[in-house]
Amino acid sequence: MARDAYKYFRIEARELHEQLAQGALDIEKGAAPASVVPRLLRLAHTLKGAARVVKHGDIAEAAHAIEDALAPWRDGAERVPREPIDAVLAQVDRIAAQVAALTPTAGTPGPSALVPEEALRTVRADVAEMDALLEGVAETHAQVALLRRRFASLARARSLADRLQEQLARPGPSGGARGIAQELQALLGGLEHGLASSTDQMDRELRQLRDTAEQLRLVPAGSLFTPLELTARDAAQSLGKRVAFEGHGGDVRLDAHVLAGVQGALLQLVRNAVAHGIEPPAQRQAAGKPPDGRLTLDVVRRGRCVVFRCSDDGAGVDLAAVRRVAERKGLLAATAQALDAQGLLTLMLRGGLSTSGSVTEVSGRGIGLDVVRDAAERLGGEIAAHTESGRGTTLELTVPLSLASLNALLVEVAGTPVAIPLDAVRRTLRLSVQQIAATAQGRTVVYEDRAIPFVALSALLAETPPPSSARAMSVVIVEGGGALAAIGVERLLSTSKLVLRPLPELVPASPLVAGASLDAEGNPQLVLDPEGLVLAAGRAAAVPAPAVRAAAPVLVIDDSLTTRMLEKSILESAGYEVDLATSAIEALGMARAQPFRLFLVDVEMPGMDGFSFIQEAAADPRIRDVPAILVSSRSSPEDRRRGEEVGARAYIAKNEFDQARLLET
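For the sequence shown, the residue numbers in my numbering are 1072 to 1736.
Hints in this document: simulated from the structure, not taken from any laboratory. Each hint should be verified, as a subset may be incorrect.
[Unchecked claim] Dumping the calculated DSSO-like pairs for lysine-lysine here, alpha-carbon to alpha-carbon at most 30 Å: (1) LYS1639 <-> LYS1725; (2) LYS1119 <-> LYS1100; (3) LYS1126 <-> LYS1078; (4) LYS1360 <-> LYS1100; (5) LYS1078 <-> LYS1119.
All chains should be built: construct the whole structure from the sequences, respecting the hints.
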């Protein structure tokens, strides 16, 4: 088998190419030349030397051209002109094509070619992670050496056991047996302790080694950002447009298989956004937009999938043009002439449509979205689009995860640890059962002045009623799908960095479960899906509203905005209609103008206090039958007695306030 002469050069050349490309883009975006140009010169020089070693003259020549273009700006110019930046990036494209051609199955590379699958599978290790891996190997090796030394103690124990057996086999008294037995007992005790300690230490080190190795196996999504930014820049230049590219979520680490599978699709999404979305500078300025278009790629985890979201702030999809092209090609049936915007977008995503007036290197043949759709189907994912005229378009490529790295909160439910992705955890609380209210919308808790659904995790996973307990419980506030829910758990265990794996195909799919990780013993551990948790909590908490509700609202009277809004949130969550008054004087006017079913009154207010309000209301035949509840920070026996005297039906002290008691009252 022929030796691959470029095996290691390809890896180094890709690394240097990516750094050269990113550095040139940084200068173009305004980075100080003094901090970037010297580094780029060193990178180009290194690449030139490496290329000459493997006798690749074209790459060496391109690297030398980068040195020539940047050398005049080595000594700290305020700004590098556009011409040398263009020259550097042209050579960067040349290097990319040459490096791609070194791969036997590279095919025909284009300018700004994306990272090939071979490069994604050549995992680049973070130095700190490699240090952790090496330290773990060294420590484990030390423990193995210690275990080897224990074997000497085992040999000594075997010798003592033989002597003891001989003593016991002799006729007559065996006084020496006691001493041998005691020595053997002490030796075995020390040996047992040492072996247990070494085994535990090796278990910890091997667990850390496995976790670190799994992390190293994954590739940051950000490895695609630089080539995608180059693609956007090249496409914009060829069309006379200007585009600023931003990538978010680059620290999301995924299996190389996923990134390799979507890289061609992302290339097409970026090129389509520039060609069909971003307007020329003059047109953008005429529409009140900045001359530079904005193109963003977001990489986010969503349950058991990863989403690549490509958004632009361009003109939006010309749906009328899509309809005309579809009609001309006979893709619209007579019954589909009235397709709405989403229907036309769905038709466009099927492929074969192009609204471009001409065929260019960037667009015009209607095959770009075919590539995106094929990638989604190949990976078992889907493609979706949203557009808004004059404001831009978003296309989402969603594919299932094979492996992904994430930080998680470990909690215990029914004696079993499960994981909740940490980026979905907003807060953890310790709540008593009195702080969980039964309302018309089900069980709720108050979080940030609003009621959110509550459910015990055991009830969701085991579909059994939650355990009844008067003790306080741990609650995790989880965000998913833009909503919040409170999830009750038995215990909070710890946070951990873990590798998310898909569930086996034979395991029934559950919207609550995003996948699984492996615990210290190699057993699968469920990782929950935040969006599924929030949706399930909302369904579990929901109960039918009472059949009869009086039409009259409750009037909340308090000069504190926080108190007014908290009480309003609790009451509305329980199905009551609520009106607000900021003073007792305002409340009297409102009460005389419309009917109310209840007054919820603060005591201390400017102008007229709550006691006086109730007295005034009792003297007015129109409102004297409306019950009133006093809510006050004053909780002395004298205040409570005065509340009874003026006719308040109940008195709630704010320092004892909780939503369950309020609703019960």
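Self-check item: Violating hint indices (sorted, rising)
Solution: none
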